[in-house]
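Please model the complete structure; the sequences and the hints are all you need to start from.
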Amino acid sequence: VSHRNVPGVETNYLRGGAILVIAEGVLQKAKKLIKYIDKMGIEGWEWLKESVEAKEKGKTENKEEKSTTNEKTEQYLEETGITIKKGFYYELYEKFKASIAPNTKYTKEIIGGRPLFAEPSTNGGFRLRYGRSRV
15 VSHRNVPGVE TNYLRGGAIL VIAEGVLQKA KKLIKYIDKM GIEGWEWLKE
65 SVEAKEKGKT ENKEEKSTTN EKTEQYLEET GITIKKGFYY ELYEKFKASI
115 APNTKYTKEI IGGRPLFAEP STNGGFRLRY GRSRV
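Quick note on numbering: the sequence shown equals residues 15 to 149 in the working numbering.
Hints were generated in silico from the structure; no laboratory data involved.
Misleading hints may appear alongside valid ones.
What the hints assert, rightly or not - Restricting the straight-line Cα-Cα distance to at most 35 Å, the calculated cross-link-like pairs of lysine-lysine (DSBU-like) are:
id: 1; residue 1: 109; residue 2: 86
id: 2; residue 1: 73; residue 2: 53
id: 3; residue 1: 119; residue 2: 43
id: 4; residue 1: 43; residue 2: 53
id: 5; residue 1: 99; residue 2: 111
id: 6; residue 1: 99; residue 2: 63
id: 7; residue 1: 63; residue 2: 46
id: 8; residue 1: 43; residue 2: 63
id: 9; residue 1: 99; residue 2: 73
id: 10; residue 1: 119; residue 2: 100
id: 11; residue 1: 122; residue 2: 45
id: 12; residue 1: 122; residue 2: 111
What the hints assert, rightly or not - Pair ranges (Cβ atoms, derived):
id: 13; residue 1: 41; residue 2: 90; range: 14 to 20 Å
id: 14; residue 1: 58; residue 2: 91; range: 50 to 56 Å
id: 15; residue 1: 117; residue 2: 138; range: 14 to 20 Å
id: 16; residue 1: 60; residue 2: 22; range: 30 to 36 Å
Please read all numbers here as calculations on a predicted model, not as lab measurements.
All residues carry an ideal CB built from backbone N, CA and C; glycine is no exception.
Next comes the structure, spelled out in structure tokens:
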């Protein structure tokens, strides 16, 4: 179906509504849409599968980049002989780190455009506390 030269519309350019539907409707819910598309056997949505695969591939590449920067930092500290003294609470954190594993499940389905203040259980990350202070 072609939507060109529609009466009452001045131009053939995409306008705000169509772009909002694509950006906030289709692309943000791409994984869920792919499930329904596969279940119903609808053809012509291969581009959406490719975009999700590219997004996932980009996430894995970013993880690899993070690990290389940590290795570079450690290598620099070893070469220069700089030692970083760690505090009491950091030592406790290191001690219990394995038993208190971060829950990364909620970060997989983050809605696009919403802020993420810190990764789960990040040292020095954002923490929201409910209730009264004990002062």
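Now for the hints, and whether the structure bears them out:
1. Among the hinted pairs, residue 109 with residue 86 is consistent with the structure: their alpha-carbon atoms are about 24 Å apart, no more than 35 Å.
2. Note on residue 73 and residue 53: the hinted pairing holds, with a Cα-Cα distance of about 26 Å set against a maximum of 35 Å.
3. At roughly 17 Å between alpha-carbon atoms, residue 119 and residue 43 fall within 35 Å of each other, so this suggested pair holds.
4. Among the hinted pairs, residue 43 with residue 53 is consistent with the structure: their alpha-carbon atoms are about 16 Å apart, no more than 35 Å.
5. Restraint check: the Cα-Cα separation between residue 99 and residue 111 comes to about 18 Å, which is no more than 35 Å; the hinted pair holds.
6. Simply put, residue 99 and residue 63 have alpha-carbon atoms about 48 Å apart, too far for the 35 Å limit, and the pair is violated.
7. With a CA separation close to 11 Å, the supplied pair residue 63 and residue 46 stays within the 35 Å bound.
8. The suggested pairing of residue 43 with residue 63 holds, with an alpha-carbon distance near 12 Å, which does not exceed 35 Å.
9. For the suggested pair residue 99 and residue 73, the alpha carbons sit about 32 Å apart, so the restraint of at most 35 Å is met.
10. For the given pair, residue 119 sits about 30 Å from residue 100 by alpha-carbon distance, which is consistent with the 35 Å threshold.
11. Using a Cα cut-off of 35 Å, the hinted pair residue 122 and residue 45 holds, with the two alpha carbons roughly 11 Å apart.
12. As the CA atoms of residue 122 and residue 111 are separated by approximately 21 Å, the hinted pair is consistent with the 35 Å bound.
13. For the pair residue 41 and residue 90, the supplied restraint of 14 to 20 Å is violated, since their beta-carbon distance comes to about 39 Å.
14. Range check, residue 58 to residue 91: about 54 Å between beta-carbon atoms, so the 50 to 56 Å window is met.
15. As the Cβ distance of residue 117 to residue 138 is approximately 18 Å, the hint placing it in 14 to 20 Å holds.
16. The hinted window of 30 to 36 Å between residue 60 and residue 22 holds, with their beta carbons roughly 33 Å apart.
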